[in-house]
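Heads up: the sequence lines are chains A, B and C, in that order.
Residue numbering for the first sequence follows our numbering, beginning at 1 and increasing consecutively.
Residue numbering for the second sequence follows our numbering, beginning at 1 and increasing consecutively.
Residue numbering for the third sequence follows our numbering, beginning at 1 and increasing consecutively.
For the record, the hints were derived by calculation from the structure and aren't laboratory data.
None of these values were measured; they are calculated from a predicted model.
In this text, a Cβ means the ideal position worked out from N, Cα and C, and glycines have one as well.
Careful: at least some of the hints might be erroneous.
Stated by the list, open to error - Computed from the model, here is a short list of chain A residues facing chain B with C-beta under 10 Å:
(1) Ile365
(2) Arg372
(3) Asn396
(4) Gln460
As a plain string of letters, each chain reads:
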Amino acid sequence: MGIVEMAGITKRFPGVLANDQVNLELHKGEIHGLLGENGAGKTTLMNILFGLYQPDAGQILVRSQPVTIASPAAAIHRGIGMVHQHFRLVPPLTVTENIILGLEGRGLLDLKAAERRVQQVAEEYGVQIDPGATVQDLSVGQQQRVEILSSLYRGAEILILDEPTAVLTPQEANSLALSLKKMAEQGKAIVFISHKLEEVMRLTDRVTVLRAGRVVFEALTRDTDKARLAREMIGHDLVALRAEQRNQVLVLAGAKDAAPVEESPAQRATGGVMLETKAVHVNDDRGLPAVRGLSLVLRSGEILGIAGVDGNGQRELAEAIVRLRPLQAGQLVIAEEDASQWGTPDFLRRSTAYIPDDRQNDGLILSFDIARNATLKLFKHRPFSAFGFLNNRAINQFAVELMEDFDVRAPNPFVRARTLSGGNQQKLILARELSQTPRLVIASQPARGLDIGAAAYVHQRLMEERDRGAAILLISTDLDEIMLLSDRILVMYNGRSMGELDAHAANAQTLGLMMAGTPLGDTDGSGGVV
Amino acid sequence: MTTRGQVVLRRSIDWQALGRSTYQAALSVVLSLLIGALLLLVSGQNPVLAFRSLWDGAFGSVDRFTETLVQATPLLLIAISVSLSFRCQIWNIGAEGQVILGGIASIWVALTFSELPPAILLPLTFIGGALAGAVWSLIAGLLKAYAQANEVITTSMLNYIAVYLLAFLVHGPMMDPAGFNFPQSPLIARALELPRLVAGTRLSVSFLIALLMAGAALLYWRTTLGQRTEIVGASRRVARQIGLSVPATIALVSMLTGALAGIAGWGEMFGLHFRLIEEFARGMGSLGIVVALLGELHPLGMVVSAFLFGALVVGGNAMERNAGVPFALVDVIQGCVILLILARGYIFKFRRGAR
Amino acid sequence: MNVELITFPFIVGLLAAAVRLAVPILFAALGETFTERAGILNLGLEGIMLMGALAGFVGAYATGNLWLGVLLALLCGGAMGLLMGFMSVTAKVNQVVAGLGITILGSGLSTLLFRLFFGLRSTPPTITMFPAQPIPGLSRIPVLGEMVFSHNVLVYLALILVPVAWIVLYRTRFGLALRAVGERPDAVDTRGLSVDRLRYISLIIGGALAGLGGAVLPLANLGIFWTQITAGRGFIAVAVVVFARWDPVRALWGALLFGGAMALQLSLQTLKLPIPSELLLMLPYIITIIVLVGVSRRAEFPAAYAVPYSRVEK
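Using the sequences provided together with the hints, build the complete structure.
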């Protein structure tokens, strides 16, 4: 009998059955992997356990007592803690303030005493942290530690981690794994949500696979293997996919390593230099340097992957290239023209495309319908407008064609973008950006949060563009995606380039070192430091 | 879905949503009137008497009815101006000040260039009024665009400044020397007065101009400029990404907003008062906002709601005269309507499957 | 122009008047500081202050007890804060427009109720205000004595409230939670606190203090009530909060700035400068615009400012 038992959990949201009769048992001292592709219902299930949602049906037992977990407060009270994928920390406050936030107490705050206690708990679990530091000054890995500490400080016996390695370098992920093992040894029950079966195989004791809201498989990790898990995770869809997509899908799921690129870029006919940055410096929103003297060269017909942990200047670099952000120093050259002083309209006029990482806030206007989103960049030109008046007929027809070409599934082009699934939203953005056959494409996290089918589609289209001769700058924190798509890889750390290498010379370990700040020259190419 | 090459699609009007909207709007008004009635009851007044004199005041005769239209005229113009800003997420509440500036400028033009023939002078006054309103609004627009200054505060400050400016002018530099020290400007020339639509009433051509502007507003939203306005209103980030200049759009929309309010001021001067007086724009700002919100920021809806509030204003004045109930009841009704309209999604939940 | 009137005592008197005139705005700004720290923009302050002014006046007039007027103003303001809470937190509507609605409602309601209760009289009804109560000893200090220690009790209340507000905001669990909820309400939600409850409380506090600020006008400064007596102070208070970068102590300086502007405008009228009175009356509003422009560009608004919170579905 496990410390937590979830039986027959069903949860419905408008238009989707997120959890369908799910059973799950958690045991003390065990790391339980919850595996499934994006959208399978893993986070929803754990949100229910943590009291953020209420199940429509089913029962939860904690320590053999049936309970109703009405809110996070109730969950915390029962010893359940959750570390979310997007941290729930308050950046302007200190580590200690974040940790003691919401705790009961009498009288005025004694911050000094609280800091001492935080230090104690941190040492108890072997976590390195400065209790007085302001959260927004911490690195992503450190912030995650604060999140974990927050739960431990409250005496959590059951710890849920939602995609914790998504924001870490491979080495940081390893150190997290060690911490988790230590916590498990101390009797904690740990749930590890992931869509990467490689790490689930490595880190967990038991695994449950969810697909489309249902439990499709459950076993002790040592009794199963990657191939089996991949089959269960992806299901029948695997058979239905085209051969080339199947390969991608398996890599995305972590079931296979990325196949080496057949020909090196030197062999494939790549064209002239489409994009070049020469020692560019870019500041972030707070005016601090985010990109420090980065130089890169991108040619037509190739994909240059920019790898790195989130927050090392990638976003600022992308925004500087598309001219949403000014250069503090250095030079930007696009299609052999000096673009350093260009405004956004200049950039747009040169047959370019930008797929931003935040599709809901930057990529689309959710309150607009598909047709208007599709023509966001074009409505000022013929045939979509004439003498200042919009030509709705042309706009609508264009939208219909685009929906067909790019497999955007919706009843008609008048539905609001908000109603589309993540995958269809991303396809809509692709449609808008790629329909004008751009020469230069800046794509940031193009497959983040998408289910495997949609992710495979996105990757497919990008590779087709590359084959057609476009120059593609791919920015991603997902190493699998980088290695799958890129011809060359550049790693960013702290705003600088840690080095560039051909894709077939790259492996996760070396890249991981670079992502953590070791320049290429100091690595020995197989993940060790010289 | 259609097959390529066929032009089949046209967005159809969602009658159900329209019906729901209208129902909720009407319900908000009715509830607000009921709340007003309740207040009267509680304070010992007779609500039936009050509302009857309100109704008679607004619709009791042809003369009264035209008065309703007279009051509706500036409200419609202001509502259109407000709707432009609001749909761009610019919370410009400076209509009162812009109307005042419009009135001041148009009268100033009329008095200063009185030698010009009316055929030229009248359009000049129109332009002057629109321009002055546009500039007054642009101040707040530029401060928002380039200094991120909260436009609700700046425009409301500008309202107060405009009121004092008007007071200063009619007590001083623009006071009618032959006016027995009354705080008012000299009258404009007879020839400049806008023709009446109905003889013997105060209803003038300015009413038609207001309707014309409503029609122009309908067209506006089908232009690229209208699209720009909506994009900037919906998402600044996306707007920047597709190459739109957010500050330029804010400035432009601010000018159009102010121009329309300035025209309302011109209309009040050349269609109604024929001279500059104090307090001619009192309360128009908030009334315009209510009219805009009740009309769902849509030109046709605003025509209807402008009519409704025109009636409330005229009726309210009559109610104060005849039933002794303070006009402020209309202000209370305004506030209630705004709050009910805003919260309608929450309060008047339509049960149509899962919410 | 009577230049000879500009003497040292005149200037000290000016400063003392600045303090006295700052109090309505100070109360409202302190309240709004809590509200905005919690992530809500309450533009209904002007209407709430008007209702508070009426409530204070009516309470004092009807019972002859000024403190009952104060109590009524607090209750009235708190109730209107509650209404704003319903609009922003429960109905999750656009906060700017909701605030405007409340201002319009409060403005109309205060006028209506005043007219209904008192009718139109040739001589307006008056009350006896809070008297000046100089603090023995301290009020004899040159300059500061008159400036700070020779005022009515509501002034002292306001000045004491500043450090109290500071302590609550930075040294209590409630204050910590409040500061967090305005930045990352999801972080607060996940730690088991109720985002809605925190925001409602911040609005009730804000409303009550705004009501009190409005009541200061009839109860301590003017002795009578007239319609629109606050003349935009509610909006000025919001500007002060931005100027103060959401800190109670800096709000004091902001309020003093405006109190000074109003005192200056009044004293300039006494000096019979050749400037028309209407132009002088514009002074506080012009200053508000200038100050707001100066501080807004670099202002770091609470991250969740004016954004309604709902638990986001994945």
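Note to self: Tell me the numbers of any earlier hints that the structure contravenes, in ascending order.
What the structure shows: 4
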